[in-house]
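Quick mapping for you: the protein sequence lines, in order, are chains U and B. Counting from 1, one number per residue, gives the positions in the first sequence under the working numbering. Counting from 1, one number per residue, gives the positions in the second sequence under the working numbering.
Keep in mind that the hints are not guaranteed to be accurate.
Rough simulated footprint, nothing fancy, chain U against chain B, three-plus residues with beta-carbon under 8 Å [what the hints assert, rightly or not]: (1) 65-79; (2) 88-94; (3) 97-104; (4) 112-123.
To be clear, the hints were calculated from the coordinates, so they are not data collected in a lab. All values reported here derive from a predicted model rather than from experimental measurement. Glycine included, each C-beta is placed from N, C-alpha and C at the ideal position.
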Amino acid sequence: MASDLSSQSPSSDEEEEESAGQKPKTAVNANSIDNSLDAIENQLSSISFNTPIDERTAPSDDHHHESESLSETAMNSIGESSSSRRSGLWTSNLEVEVEAEVDGGLASPSSSGYAGERGSSGSVTSGSGIDVVREVRDNGSSMGDDGAVVLDSSEAQWIRGKRHADEDDASVSWRKRKKHFFVLSHSGKPIYSRYGDEHKLAGFSATLQAIISFVENGGDRVKLVRAGKHQVVFLVKGPIYLVCISCTEEPYESLRGQLELLYGQMILILTRSVDRCFEKNPKFDMTPLLGGTDAVFSSLIHSFSLNPATFLHAYTCLPLAYATRQAAGAVLQDVADTGVVFAILMCKDKVVSLVGLQKASLHPDDMFLLANFVMSSESFRTSESFSPICLPRYNPMAFLYAYVHYLDVDTYLILLTASSQAFFHLKECRIRIETVLSKSNVLNEVQRSMSEGVLRIDHLPVDPSARSGSLFHLNQRRPSETVTGIGGPAGLLHFIYRSIYLDQYISSEFASPISGRQQQKRLYRAYQRLYASMHDKGVGPHKTQFRRDENYVLLCWVTQDFELYAAFDPLADKATAIRICNRVCQWVKDVENEIFLLGASPFSW
Amino acid sequence: MENYAELVNYIFVASNTSIAAELKFIDFLVILCAHWVADRSAGRIGGLNPVNGDSDAKNLRVKLVLLGDSGVGKTCIVLRFVRGQFDPTSKVTVGASFLSQTIALQDSTTVKFEIWDTAGQERYAALAPLYYRGAAVAVIAYDITNPDSFHKAQHWVKELQKHGSPDIVLALVGNKADLQEKREVSVQDGIDYAEKNGMFFIETSAKTADNINQLFEEIAKRLPRPPPS
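Isolated chain U, as found in the complex (with noise of 0.2 Å):
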């Protein structure tokens, strides 16, 4: 079990934006591929593109599998083949191709253009270099880095926008990104790239268009490719593409997931009407739509590695005490009761609390979606604002209006209702919620219930004897207690635990030694790649998964009720470890009315 992840280099988890190191190919030749273009555009017309919500992979590579050793330069494509005889002949072109970019070390000009992994000499040393100060900074600071070594003047201006738009797919720096994103239309226009300038890499959009067309013609669908260390991975959603290119060796259901989130952040904006654009004019570009909006894809992005909701589905809570959570739901409630289809009262990613007339309808996708975008749009902070906005997973086709405010720094209160002419009745309804909260001192509750971070690794309770119904009280006689071992008993480091019932998880506080954000993103993509093994539809369903490495011992325990992950100390002992597991989900259970938000409708479920 622990072969999978000791088989990685060490750098694999490193920030994502930093170079990879290796040596980037020559530019692609735009107008060769112009020329094959417009061949494969003529036989595009012809197909229809089918997108099931549900799909899985082809069970037929089980990349990710423990037995097979993810650092494998062999090329693997999934196809998801309509007719197998055919996919496996276009399976078979392609992995020509891709590897005679690979192993040749020239580059072809009718190759995708993407870096491959060897390169000769010279700027390899460079690009290392630039990769350890890279480093440095990003362990100083939470915020990104910029390609040049160069600290950039402006900064509270690029972590909100798009950084690095001066390069293209030419740049050095802009081919040594280790994780990259793409959306483009089918027609190869460019929609949105995470580096570099959009407009400035239309021939690197044709390529990936050409590509996925031509598997398409053959009745097939290119899901992923391997080229060395990098997964270049696919998702058609009608006429809109998006790829991902990554050397992050996450897992393909990971990435996979993360284009569906890219997308449903851009349904979440513009809704699925932008489908007939399309269709009234095949080349319609779709910037412009999504001007000003850097900041949210960013933000997005870079909760991938951060944020266990994006791989887990399902929203947290902030924990509170039950009478002050049942507070905050009562006013809502009443609000809901006056026609608003759902009242969300958040703290930054976490819910305080969530009413509406249909609130199990509400997927924790959408949720994760409409928090991203209000946090990461500054202009909600300055004044209430009301918007329209699509929940992808409740009508991917219509717009809510959401009335957003600010209730104090972090806390915000999000009406959405189906109306465009309720803002006056929204903005009443937020005075009148605005004020039980601060009399009922839920808004200070929440703050340092924030600040304080109750749900610590270090209070759980090793005596069964000693346990207690609330998080709360405890966390007052605290500071007399002794704490065992490097954070919690037994080495316990972290813990997640979902319910499943509920849509819901709570995690542990990071403490020590998994303080640091390049430690919190590894510890996420090792849960990550525990979450998609376990849910792997080809070798499960497993029920227990124990793996050691380096880093971690992990222990994974799935049921029907719940989904346990924990990360111990590398040392820990397995019998102790399970021990620790089964006090964390008794505690879990004692405490759950104060980490979780319990049906509070009685239709919700």
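Following the hints, position chain B against chain U.
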């Protein structure tokens, strides 16, 4: 672009009247309910207009909408006027923000501006009617260093002349007047265009606060006064 605007309009209609095929019965009920409440609580002219109960000859209450291309400084103008602040980092407005500010005139009347600061992004163009419907004042802003934004302003003027309230007070504002060395739209062009269209014209700088209060005072003076009762 117009395609998207049309489609979005269609969707708004669909979602409001719940003919969207995707909606289940329960959604239907919810929307009906929302609609009913909204219609009850909103004014008759349009839901984004405040209930005009406390507006009289001495204390005016007016709806003002701010339109213009993205990045011309609409939000900066409003924040300078309402809070006396200027934040040089650009914060893209989402949908529309609502702010209000009351000013006192020399003739001892007060005017409360209820300001809809709209997003300049293209995708929100379809939404503009929601905010300018029933507005007594429309301030159309452009950036004097950006001729495209001046053209966009003219587009907004035409749209308001067509679809705005007939007695709407229109103001044309050339913002970023502190950037004289980068000026690309002459003062005369602004004056000429405003004159031709019966608008009030002023150049402002949200950064230096130049002419910001003047803009709103001038608007207040031009408002049609309700007859004293």
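For each hint, the structure was consulted:
1. By the rule of at least three residues with a Cβ nearer than 8 Å to a Cβ of chain U, the coverage given for the region 65-79 of chain B holds, with 3 such residues.
2. Figure legend: the region 88-94 of chain B, annotated as covered by chain U; annotation consistent (6 residues with Cβ-Cβ distances under 8 Å, at least 3 required).
3. Judged by the Cβ-Cβ criterion of 8 Å, the region 97-104 of chain B is covered by chain U as claimed, because 3 of its residues qualify and three suffice.
4. Against chain U, the region 112-123 of chain B contributes 5 residues with a C-beta closer than 8 Å to a partner C-beta. That satisfies the three-residue criterion, and the hint holds.
Against the hints set out earlier in the document, no violation occurs for any number.
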